Amino acid sequence: MTNTHRTPTGGTVDRSKTISFTFNGKSYQGHAGDTLASALLANGVHLVGRSFKYHRPRGILSAGSEEPNALIQLERGAHTEPNLRATQIEIYEGLTASSQNAWPSVEFDVGAVNNLFSKIFVAGFYYKTFMHPQSMWMRVYEPIIRRAAGLGKSPQEADPDIYDKMHAHCEVLVVGAGPAGLAAALEAARGGARVILADEQPRFGGSLLGSRGETIDGMPALEWVAKAEAELRSHPEVTLLPRTTVTGYFDHNYLVMAERRTDHLPRGSKPGVSRQRLWKVRAAQVVLATGSHERPLVFADNDRPGVMLAGAARTYVNQFGVLPGRRVVVFTNNDSAYQAALDLHDSGAAVPAIIDLRKSVDGPLARKARAQGIRIITNSAISEVEGGKKVRGVQVQALAADGETVTGPAESIACDLIAMSGGWNPAVHLFSQSMGKLRYDEALAAFVPNLSVQAERSAGACKGSFALPACLAEGAEAGRAALAAAGLDAAEPARVPTAEALEEQPLRPLWIVPGKKPVGQKGKHFVDYQNDVTAADVLLASREGYQSVEHLKRYTTTGMGTDQGKTSNVNALAILAKSLASPIPQVGTTTFRPPYTPLTYGTIAGRDVGELADVARVTPIHAWHVEQGAVFEDVGQWKRPWYFPRGAETMEEAVRRECRAVRTSVGVLDASTLGKIDIQGPDAATFLNRMYTNAWLKLDIGRCRYGVMCKEDGMIMDDGVTTRLGPNHFIMTTTTGNAAKVLDWLEEYLQTEWPELKVYLTSVTEQWSTASIAGPKAREVVAALAPDLDLSAEAFPFMSMKEAVVAGVPARIFRISFTGELSYEINVPSHQALHVWREMMRVGARYDITPYGTETMHVLRAEKGYIIVGQETDGTVTPFDLGMDWIVSKQKKDFVGKRSYARPGAVDDGRKQLVGLLPEDPAFVLQEGAQIVEDADNRTPIPMLGHVTSSYYSETLGRSFALALIKNGTNRLDQAVYAPLDGGRIVKCTVTKPVFFDPEGVRLHG
Amino acid sequence: MANALPRAGAVARFAPAVTALASSAGLVLAEMVPPGQVNLRGNPSDPRFLRAAGSVLNCLLPVGANTVQSTDDITVLWLGPDEWLILTAPGGETELIERLRAALGDVHAAVTDVSGNRARLRLSGPEARMVLAKGCGLDLHPQRFKAGQCAQTTMARVGIILHQLDDRPTYDILVRRSFAEYTWMWLKDAMAEYGGTIAAG
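As you go down the protein sequences, you meet chains X and W in turn. The numbering used here numbers the first residue of the first sequence as 481 and each following residue consecutively. The numbering used here numbers the first residue of the second sequence as 7 and each following residue consecutively.
FYI, nobody ran anything at the bench for these hints, they're computed from the structure. Errors might be hidden in some of the hints.
[As the list claims (entries may be wrong)] Distance windows between CB atoms, simulated:
hint, chain 1, residue 1, chain 2, residue 2, range
1, W, Gly-111, X, Val-1285, 23 to 29 Å
2, W, Thr-160, X, Glu-1030, 35 to 41 Å
3, W, Ser-61, X, Val-1285, 29 to 35 Å
[Stated by the list, open to error] Computed footprint of chain X on chain W; a stretch qualifies when at least three of its residues, placed anywhere within it, have a C-beta under 8 Å from a C-beta of chain X:
hint, stretch
4, 36 to 47
5, 193 to 199
[Said to hold, decoys possible] Chain X is nowhere near these chain W residues, computed Cβ spacing over 12 Å in every case:
hint, residue
6, Gly-60
7, Leu-67
8, Leu-138
9, Gly-141
10, Gly-143
Source: prediction; values computed, not measured. Note that CB positions come from ideal geometry on N, CA and C, so glycine has one too.
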């Protein structure tokens, strides 16, 4: 294989395993353990993408999840995924990837013309350029911008992968498995704590993976990592989660982690195993050991492919055995980049110069570099970068005394890589998400954790302690402290791993590195690579008044996008601070929000897809309904038969047939979904008397009564029939949708308002399955099912209940009716209900017993003017509005809602009242929700009288009809009103009483 | 009015209900034949109530939160400070209710037949804890939730009563019948990666 830039030895990649992959249509090879970024660099490929706005050629900036440039479209077809960072993609055999933001190719990109017109793409360009006319926005500007600027393409096919979730609990969650995190986890594990150690990388070790020559406890650092990992693995209560990013830190130490379980394997190679898993963790204590991110230096054309963070260059050579450049200029304001220079030099790269912004350097690292013969140019800057699609060299000039300009002659130095370091930002993202408060550290020129709010502690680089001995000591201390805070005793004295570090000299913050021309004139000083925000944009925004850091972010888009400004935020706000002549802490930071790195939607959805997306509640009769070919309606989470088509029947035909069957013979409805509450206790009747509007104290045993329940505001909340089973025992029914709400409502009153009442409630909704048999032949069917029961009107009158054995099963039979017909509701225990149902259908066949669905139920009850809560009511309707004055007791001293009926608003003229409507055209069925107006002429504004609440074609009446709530409805009987409909049609209707069929109730008493 | 008719399981469309789990090394899911279930409400600080209930049940009512008391015939699960669920053999609920009501007399209490209210799913095997953890936020670590404990909680957006029976571990998941099919499908899906099986009827 030809890895032109692979070092002969070194790194942790497995050189015995060669992996082939494709990038932008070209085949390459890498090794097991490579990321896509390291494998491309091993092949000498730097140009991996085009930038968002200017379509400038871009290379690989970093070696981690903070990468702003190297965004990749991975795979094709259903597996394709945009916006992945090349620095995090582990290569696998057959991987296919391509660049984003480039058309037709990354080498020749038409959009790069934007770079020439960059004046219009300045800060706030969206607001300035595409303002007028407004109509152009949706049709023209927006689609063009989307296509030109789009970050990758989403797949067009369904996701073939599965995703799932896992809850977890632990005493100590350690975030990050670098030296600090490992030291913390070891201490916590030794104390017997349940420990979860999560790290976003495939291997533990953090910064140690990319370092060289470090020793811990006298052994090479990676050997120590392996030993630590082995020890952790030996503790049964430790869970080790590599490839797992802690993405969110919420209240009560609730953290969310995303684990990539199979992304490092060829697609589809682990069937049945979720690709990604969302962990929801409750941690008693959290140790944050999240490390730090290196800052770029903001110099002219600092975005050319071949400009890389120095720490990343070091990682590529040390972890992957890849030389990202053969001739490397190091550009820095601090000591850490010297280590990169030394490691690259040691691996065979030429390092013609370290260009240091500091006035002088004389620390141990500088001495080492000098000893290696590396030239150090102090108090100088790169004032120009040579090369477009790849760095070819730099021009170096001395800094003026104030550091604001360069001066003197420029020296040209040829190179193919610029390794830069502007200092390091502790990764305080999770700390900030936990609501912890930051402090600006002048010496580090960075924000560090200051005040904790939750049960967490930071250790190591994320706390601003970059030296290895400090990381290890703070990690061990944090692990022990977490253990103690979780209430566990450390079994032994702390074992702080030992290491040595060279002393580092202070950095020199120079937030804008001067170039040959003033900022904004020639060359671009990029601050945010992903959003193409330059130092000039930040300064312009500041001049235009966007001086709050939050405004700056939104106006310039700095810090947005997939990287959320991990490399850019501090540079941006420091430049803002400089322009405002304010101290950096006064400018502050923008809010750190979850997720830390982007999450797939699949991870968030987990298994909540397809048939598992929501519960489908089914009744005990469901299997029979399915057998019969019922069409189902969703009622809340319930699946209820809507209608039962026979043969090729339409819905309208089926409903007419079902209605006819009930009115002329017998039909049956599965009413199992109705809520049922068992009420027991000596105060049960008193309780009902207070909750319902009508009187309950004198209801006889075995008798049923309809009740309406109102909220304190007097508005109807639910209705249903309640039956007295014994002196202290009632069974209440509620509407299907309100079953749980009513039980909660009743419990709340019992527990908080009237705890002295001796009443117990038990939900029995699912104990009883209900078959509602209705029609002139209902008595015959019930007689055949329960031959011993006297069904005569005298023995078993309307609104009463009998217990009987039905088809061998003990049952409660309620003679109540929602259709206006003679009707019996047979309740049997759910586990025997299907047997009873089948028996009922068998004996009912003689009468052509017809199953009917909710639609027929709706039509039949509306013909009788029976309301449905939630259809005729909407939380603003009183019983009086429905003409149900009779159900509101005048005698009772009090009941829930009573006081509200004394409010003027409850009795004023002009309230909407329930009426019937007969459309002039008897074949025309009004739309439910149609507005009702007084006049036929259509002049706006039209005063609205009300709306249609229910509307059907009635087989019984041979015409359409409707129920409606309209202002002063009861005074409008026989008057004409109008329903203006979609498309300009106006339908004339006559107002009627809301009862259309058998107003005397002869049939249901029969 | 005891009845000896067979009791249909709530997931009969998918698998028949069983009376016991065969001993198996692997992860297994089954619906148990719906047991007799009686909901009991009463005041545990009323000694008459405790005495009457205890005399019928042959055990003390569990008063510690989320605890379970069992005899050979019955299992009593604590559901709340004044609420218990008593499980007994299928069909045994009728007599149990009569005896409880007789013993309680005029003591304020509620004895309610809820045998049809819930299905009883049983999940057993080494990975049972992981399966539940995919949808249940409770800490099921053996030190925190042991055999003989129960809890009313949610799993995969369904309200359940979870009862750990043994250290294998084996769990009973009592779920409202209408939710049983969804719960079954969810469990079956969550078990897949561990090679879980459905108990043969």
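How the hints compare with the structure:
In this structure the supplied range 23 to 29 Å holds for Gly-111 (chain W) paired with Val-1285 (chain X), their Cβ-Cβ distance being about 28 Å. Checked against the given bound of 35 to 41 Å, the beta carbons of Thr-160 (chain W) and Glu-1030 (chain X), roughly 38 Å apart, stay inside it. Separation of Ser-61 (chain W) from Val-1285 (chain X) is about 31 Å and conforms to the stated range, judged on CB atoms against 29 to 35 Å. Only residues whose C-beta sits within less than 8 Å of a C-beta in chain X count toward coverage, and the stretch 36 to 47 of chain W has 3 of them, enough to reach three; the restraint holds.
Note: the stretch 193 to 199 of chain W has 4 residues with beta-carbon separation from chain X under 8 Å; the three-residue rule is met and the coverage holds. At roughly 19 Å from the closest C-beta of chain X, the C-beta of Gly-60 (chain W) stays outside 12 Å, upholding its exclusion from the interface. Distance check on Leu-67 (chain W): its Cβ is at least 15 Å (rounded) from any Cβ of chain X, clearing the 12 Å threshold; non-interface status holds. With a closest Cβ-Cβ approach of about 9 Å to chain X, Leu-138 (chain W) is found to fall inside the 12 Å limit, against its non-interface label.
Against chain X, the non-interface label of Gly-141 (chain W) is violated: not every CB pair exceeds 12 Å, the least being about 8 Å. At roughly 5 Å from the closest C-beta of chain X, the C-beta of Gly-143 (chain W) falls inside 12 Å, breaking its exclusion from the interface.
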